[in-house]
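Colleague: Protein chains in written order, with this note's numbering: chain L, 170 to 354; chain D, 289 to 486.
Since the hints were made in silico from the structure, they are not lab data. Don't take every hint at face value.
As the list claims (entries may be wrong) - List of simulated lysine-lysine pairs, DSS-like, C-alpha gap at most 27 Å: (1) D:Lys419 x L:Lys329; (2) L:Lys329 x D:Lys410; (3) L:Lys324 x D:Lys419.
As the structure is a prediction and not an experimental result, all values here were calculated from the model.
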Amino acid sequence: MHKTEIRVGGLGGQGVILCGIIIGKAASIFDGKHATLIQAFGPEARGSACSAQVTVADEAIGYPYVKNPDILIVMSPDAYTQFAPQLAPGGMLLYENELIKVDGTLPKGVRAFGVPATRFAEELGRRLVLNIVMTGFFAGVTGLLSYESVEQAVKTSVPKGTEDLNLRAFRKGYEYGREQSAGKS
Amino acid sequence: MKLEGFPQTVSLRDGTPVTVRPLAAADAKALLEFYRSLPEEDRLYLKDDVTDAGWLQRFVALVGSGEVVSLIAERGGKVVAEATLYRALRGWSTHVGEIRVSVAPALRRDGLGTSLAGELVKVATRIGVEKMVIEVVENQVGARKMFRKLGFRQEAVLHGHVKDINGTKRNLILASSDVSHVWDAMEALVADFSPSAE
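The shape of chain D in the complex, shown without the other chains:
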């Protein structure tokens, strides 16, 4: 699936330009390097072992199949952030997409995560995703704030669902954003409804 409107240049809060574009197969090595550079505690919050070359191969294949949309942010030829939209192509939840965002520690709180997630939300809305979900651990305060800003609201809490690096059990928060109404409004607008036909 070809995503239009990329590459884009995003300016961080200090004015540094970062390029955002869809992941290509040729970026696999750079993406693996990025994930391997993340602190172990960060990687613990991810569902997959993103440092494993086998995972990367499967991930790139999913991007090719359209099941995954991946946006990367580059600076100085290096991947500095990645945002993923997972969606089921069959089954009863094809209208739902799950979002995950990872940003290099040095670039956090600079607006990069918000920009990437925001772009991904736009892409998701465009390709027919009606509901977006995220999973965040209760102490990921920055991520929770970012997603709240993007319109995500808490839907459920799974108590003691994850264990952090010290073995402490923590709550997992499921939040979602229903974007179906956005296109309902457009649908109503193009319905060419006649008041006199009622």
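Chain L on its own, in the form it takes in the complex:
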């Protein structure tokens, strides 16, 4: 069975859980795969650490907990410090590169890809869509899920009236991810 373990980490209010939900939804509902999601919150709803653990597989998943993710998506320095050492050797780090500075503590063989997601979101008009930029970046760099499935998952997961901007944010992140991925291959 081919299984990919993903962890998304950041601060409450950055849309970490929604990012995980969209990835899981894209995999399970629109891409014909299996997915599980576990969400963990900090002691307060906003401003504290929170993370989502997503597992994507081509068969049913018996154990949903992620200990050493193959892919780590981080949106805050604290989440990076906490989760980066847990990355599986040879794994992939996707990080917000204007908030997080990558140091030398990454496990062996980890490939790191950065995106100025907050700036992109602000340029698009709303800082709020930073998590959707990150989701697009994830789709563009990893190629784990089809573009169409993640696009559909974004479209069906965001509130009515916000689809237009969220889809732009997704495309922006996706295109940037494709460029970064091509540059490092």
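Given chain L's structure and the hints, the job is docking chain D onto it.
Modeller: Frame of chain L; chain D shown alone:
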């Protein structure tokens, strides 16, 4: 301010394609020609003398400063409609935007005004405008219907506030659309709220 997602092609009810894009400084002459081609009665409903070259210069400068967002519709190299969003960059109403739409008489009732206004509402929502307002004269039935379709609701009536071309006093209707709730829902969604933290 660079607007993403343009140019766009909009199909009128008869299938004719029209290009919609943000106004550029190079479009100034074409825009002036468009406004000068509007019937005098239409221009009377506008706050500014849009046929004046000085107004145009100021307008283009406001577009450059971000205080005004202007979308134009083009067909055959001519401007056939224009939609403007005015917003204050400082003061107590920076969250409010005022919309104005003008369409060439030959293309009215073809859905062009609605498409332009709809695009402008999307742009406004994206750039942080939370409330949009319009002013329409009571007998601008088409415009009132169009804005109602886009979610605008009457908020106030200024009685006898405008005089039409015949000197008849008419009521001015102020209508608004509150779009702040749209992003409230998104904010709630990304709050990463923990039920157990309550």
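Colleague: Are Lys324 (chain L) and Lys419 (chain D) close enough, with their CA atoms no more than 27 Å apart?
Modeller: holds, 24 Å
Colleague: Is it true that the CA of Lys419 (chain D) sits at most 27 Å from the CA of Lys329 (chain L)?
Modeller: holds, 17 Å
Colleague: Has the given pair, Lys329 (chain L) with Lys410 (chain D), been kept, meaning a C-alpha gap of at most 27 Å?
Modeller: holds, 12 Å
Violation of the numbered hints given earlier is absent; every hint is satisfied by the structure.
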